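S.K.: Here are the chains, one letter per residue:
Protein chains: 4
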Amino acid sequence: MPAKPTPYWDYIKVEQLLSLQTGIGDGPLGNDETMFIVVHQIDELWFKLILREMVTVRDLFARAHVPEQALASAARGVRRMETIVRQLTSHFELMETMTTRDYLAFRDKLIGASGFQSAGMREIEILMGLPEEDRISLGHEGSYQNALKHHDGSESTALRRVRDRLADTPTLRDAVLAWVFRTPIQGSAPSGADDAARVRAFIEAYLGTQQRAVERVLEASRAQAHTLSEADVKRLEARAIGEIASARGYLLAEELPEAERPRASRIRAALVFIESYREVPLLAWPREVIDALTSFEQAFVIFRQRHARMVERMIGRRTGTGGSAGVDYLDSTALRYRVFRELWAVRTLLVRAQDLPPLEHADFYGFAGG
Amino acid sequence: MPAKPTPYWDYIKVEQLLSLQTGIGDGPLGNDETMFIVVHQIDELWFKLILREMVTVRDLFARAHVPEQALASAARGVRRMETIVRQLTSHFELMETMTTRDYLAFRDKLIGASGFQSAGMREIEILMGLPEEDRISLGHEGSYQNALKHHDGSESTALRRVRDRLADTPTLRDAVLAWVFRTPIQGSAPSGADDAARVRAFIEAYLGTQQRAVERVLEASRAQAHTLSEADVKRLEARAIGEIASARGYLLAEELPEAERPRASRIRAALVFIESYREVPLLAWPREVIDALTSFEQAFVIFRQRHARMVERMIGRRTGTGGSAGVDYLDSTALRYRVFRELWAVRTLLVRAQDLPPLEHADFYGFAGG
Amino acid sequence: MPAKPTPYWDYIKVEQLLSLQTGIGDGPLGNDETMFIVVHQIDELWFKLILREMVTVRDLFARAHVPEQALASAARGVRRMETIVRQLTSHFELMETMTTRDYLAFRDKLIGASGFQSAGMREIEILMGLPEEDRISLGHEGSYQNALKHHDGSESTALRRVRDRLADTPTLRDAVLAWVFRTPIQGSAPSGADDAARVRAFIEAYLGTQQRAVERVLEASRAQAHTLSEADVKRLEARAIGEIASARGYLLAEELPEAERPRASRIRAALVFIESYREVPLLAWPREVIDALTSFEQAFVIFRQRHARMVERMIGRRTGTGGSAGVDYLDSTALRYRVFRELWAVRTLLVRAQDLPPLEHADFYGFAGG
Amino acid sequence: MPAKPTPYWDYIKVEQLLSLQTGIGDGPLGNDETMFIVVHQIDELWFKLILREMVTVRDLFARAHVPEQALASAARGVRRMETIVRQLTSHFELMETMTTRDYLAFRDKLIGASGFQSAGMREIEILMGLPEEDRISLGHEGSYQNALKHHDGSESTALRRVRDRLADTPTLRDAVLAWVFRTPIQGSAPSGADDAARVRAFIEAYLGTQQRAVERVLEASRAQAHTLSEADVKRLEARAIGEIASARGYLLAEELPEAERPRASRIRAALVFIESYREVPLLAWPREVIDALTSFEQAFVIFRQRHARMVERMIGRRTGTGGSAGVDYLDSTALRYRVFRELWAVRTLLVRAQDLPPLEHADFYGFAGG
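So the protein lines, in turn, are chains A, B, C and D.
Residue 341 in the numbering used here sits at position 341 of the first sequence, and the numbers go up by one each step.
Residue 210 in the numbering used here sits at position 210 of the second sequence, and the numbers go up by one each step.
Residue 28 in the numbering used here sits at position 28 of the third sequence, and the numbers go up by one each step.
Residue 255 in the numbering used here sits at position 255 of the fourth sequence, and the numbers go up by one each step.
FYI, nobody ran anything at the bench for these hints, they're computed from the structure.
Some hints here could point you the wrong way.
Cross-link-like lysine-lysine pairs, in silico, DSSO-like; alpha carbons within 30 Å at most [what the hints assert, rightly or not]:
id, chain 1, residue 1, chain 2, residue 2
1, B, Lys109, C, Lys234
2, A, Lys109, B, Lys13
3, A, Lys234, D, Lys109
4, B, Lys109, A, Lys13
5, B, Lys13, A, Lys13
6, D, Lys109, D, Lys13
7, A, Lys109, D, Lys13
For clarity, every value in this text was computed on a predicted model and none was experimentally measured.
Could you build all of it, start to finish, from the sequences and the hints given here?
M.R.: What follows is the structure, given as structure tokens:
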């Protein structure tokens, strides 16, 4: 209890906060530019909150043993991250109350200032686990880190924050996958002597049912003779064969170097396992966490696509202030930047409940007192 | 053009901004409290934007002559204010990701800090034109301005801002109504020698059609004999008579002292006139402005009611940190604080297009080149 | 697998569906009236979905033993109900694209037709468990069921649906509370010989900590000497004493007849217990269910308040087509209709984690294999 | 006034409506499938409303003379269309309360039924004016109309509706552009003898200012020497030259056959003119209409992208029930289907207010009585 009460304005630091919208130069700012600055400031504040929640969730999953009772709060943390991303997404509608002509009135001043210089956004991507090699170039040479240097080439605080974040490992992705890797599959833990064989048996049983599901759909599609030409049928057959082969290749991680396959394969099988038997108590919260992460990344993609729509509406197809290709660049990153690729990929392989292989060791997954 | 480009972080003042979430005392803050602080900071930033737009719109309508071509931009300014209020409203969903138990973990620190100490919110109410005498007491003695004093009773910056705003007249309400007052009604301007008579003629014609509309509805209701008892019918009749009398009383401003009636009556007639003949070019933008203001105030009421729901969910019915009665207080202000009362009141009097008195001097309301 | 594929239009019954917007009489309908009809049809469809989910959740909790693994899906069902209520709420914005004047163009036709005649809405209230005696009269004599009779007084299908629903027991409220009643408190089940004593011990321990929390807040408020008069301090003290007494009265269910107290008291204690120790695995899903129900009812209140705002905007304060007092009636039901009163009431009593009495028999609440 | 009042359930046709969710076959439906059917039914109802509004707006702009006082209501109609598209977009969140596994439980039944068989969606695209040649093939041979045939190849009602709509001309796009074509530019109407020369003079003046704006931005970018390599600077220069050339090519419609250029060029110049001088009374409502159409198409693109996200979340990357390539197909149509290309294209050319050529004949664009 403080000796004397702190008023709201000191707690929230209202006056300092409201003194930060001065922009560049000495002149007074118009309403449009003030809004432009404020929205970006609010974005940075939301980024800060997302980063804090993400660090907390990451730290939890980075532990050698993740206590089950922490999962509900981890899921809640991820859902909060998603709720904040939705706040960010809703800003675009506000920005669009500014017309192109009015934005252009102050855009010249921003030539050197671009949203690409937001350390917060870069930190989120880094901490989530976006691989550096997946980044799409901004349209001019040099890495995105160059955009964070001072005019004279020296290091900015923004660049330092980004570099610190690159060193702040593991990423959320790595931490979560390390935890997923340890999921008991059909009652078998990675430490078990016969774990590899038992996981493989689960994978084979699962692939069998997945194959039958694809074939069933193909059969039904063939029945639509009237709308399909022979070439159509051939194409559908080829696609079905492809889906069956992809499922196998994916669950066995065949696209990876041999040494990395067992771990990747176990992670993918665990994701299928959690989603398939999600009702059993021990899997219910892991499933919530996985679902929350999927939902969070989905919200992030929606945010990126909505961003592209706002930019297209505001300035059309002209070159971005950061020198990028503008709208096309934003649409590309929305579709190509994806961190939790395994979470998305397994959705293609899921089958309906009645086709699942039976769950083994069901009692292992229950409650003590339930 | 600046001599050297300003980077994003200087333009947005990112580092200063992100250093303001320290709360009270020395210890590190948890995620919940950081979110609590950030959301309130963002609220204050949104308030600032609303105030800026409101000043601009107020200044426009405070002019002796409001140029017609400024109305589209005024309407856009008010719509922006509404969009910001929706942003504010969406924060509650985020706040609710914090549980009661977790909020209580730091609530003690806030005893002296209350949302009632937000100068921004008070300034919005004042600038809009909420009459001081309509304010509902916070639950303890003394005016809301007392809550803005320092611990030792001295004046805070917050209090100074509120007092400055009280002196910053006219209010938006007064400025808008002064402009509405000058609306040509059936081609007659307030400066016209026979304006009072022509306005009165319009009012009488309008009241005649309103009376017939109420009677028509009553007749139709009477036809539902089966679900109505005799007492029901009597009650509906009494209500119809009341609606007819209210309409007359309202348009003639009979509840006011005699000296104030002509002006108030002309304003109310003008609002009915604008809404009724809104298609004619000269009235189309005034009608947009009126509609935008109505929509803005509606959004504000929705914000207040949603606020009450969030507080009820977070802390139930306990006493607020500001010492107020909590949820009930918030629900009361939502229903009773209303600034543009005339705009809401005329909605009760409107009639369908086919029943309107004919528009006189229609050419006066058209385009030069159209 | 069907012998031949069913096309989309037969599956969705598109043509039948699109033939139902004919309104009353023979003439073609305008866009506004068509929208008005369609929105109400969509409302009815959403109501149907809510009712189906609610029946499923009710059936689950009506079972003598609710399997733990069904709780995640029950929580998801309730969250879906909430998501649908949000859809309903978003319709009002669309309705408001119609102006008062344009609504009035066809309103006369609707004198005999009122939203109060929606069986779906009444069924939702009944199945949730709104007590009949809590209903606020529509403004004319006779129960809400009268409004569901045909013109000639005979029974309509709508009335039959409402009566069937009244017979369809238990309500969701009763089913959920029966399940909450069985919650193990500090390891003690209702069937235990000493359960009453152990529950009472928990309640007393909890009330002790609640009392200290209220006193702590009072102490801190007193420190704000500058803004408080002596009368203010007295009022705060009285309120604190009231909060302490209320908490005791509530947890011991003292407002009820003696015979009903033990059961009600155990339910209320269980709600406090679940929320307080929500992290332990056995309580994590019950807590999710409780939270989802709270969130659902909150969404419903928001829906009602938003409804009042739309009606006020569309027709002002005139009498509703159903003969009700219109906006005031809607605002009253929003604030007074509350089904899960216990869920809301306990929020007032919660304390921060560090003040909780220690959890006993923690192992009982854990996982078998965790 | 009807002889006897019609109750709500007859007006809304509640019972018929609620009998249409039977799906395929005889068995009872689960909640998930019922929701799936209901959401698609609601989609069809929203489509119907969009089509009705679109026909009304199209009919207005198809007139040889569009009365100025109809523009506010046209803008409101388009904004209503947008609001409905937002309703459609919000359904995806509800659909996502269904898990992949639960959707798969009934997906087999839908092999022959695909959203591609929604006549309503196709009609909207057709009436808006999506060129047939811009359509992306569904992934199998034959046009999208084939998907609307019955199993035995005969014509369905859906196909008939689509063909009727193809014959229902002009499209919204054509009607609007015909109206835009007639916009007075610098006081000159298309019927004026020297209109071509005066429009060309406006275009040249405008291109001059646009060129200076591009050069100014390039200059400022060059000042950022530290982050740019020589190759970067060359790329920016090339892009600037390209932007200047594109602007000229676009406003002169150089990509079109010579015969079509004058009309297209005048339309494009008119769009630039309206947006640039939007404050003058005669242009204020045209600008609102243009802005509403842009906003509507933006909402439609957002709807398509959100649709892709929902499908990806529900079924991953598997083949769609209509035999399409699924998510990739949906993402492609979102980015490539664009109807009001001119409205989007001019955004790239706009300049700030202070750089605009002076408005000529300003009095022509004012009010008679203003």
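S.K.: If any of the earlier hints don't hold here, list their numbers in rising order.
M.R.: Checked against the structure, the only hint that fails is number 7, while the rest are satisfied.
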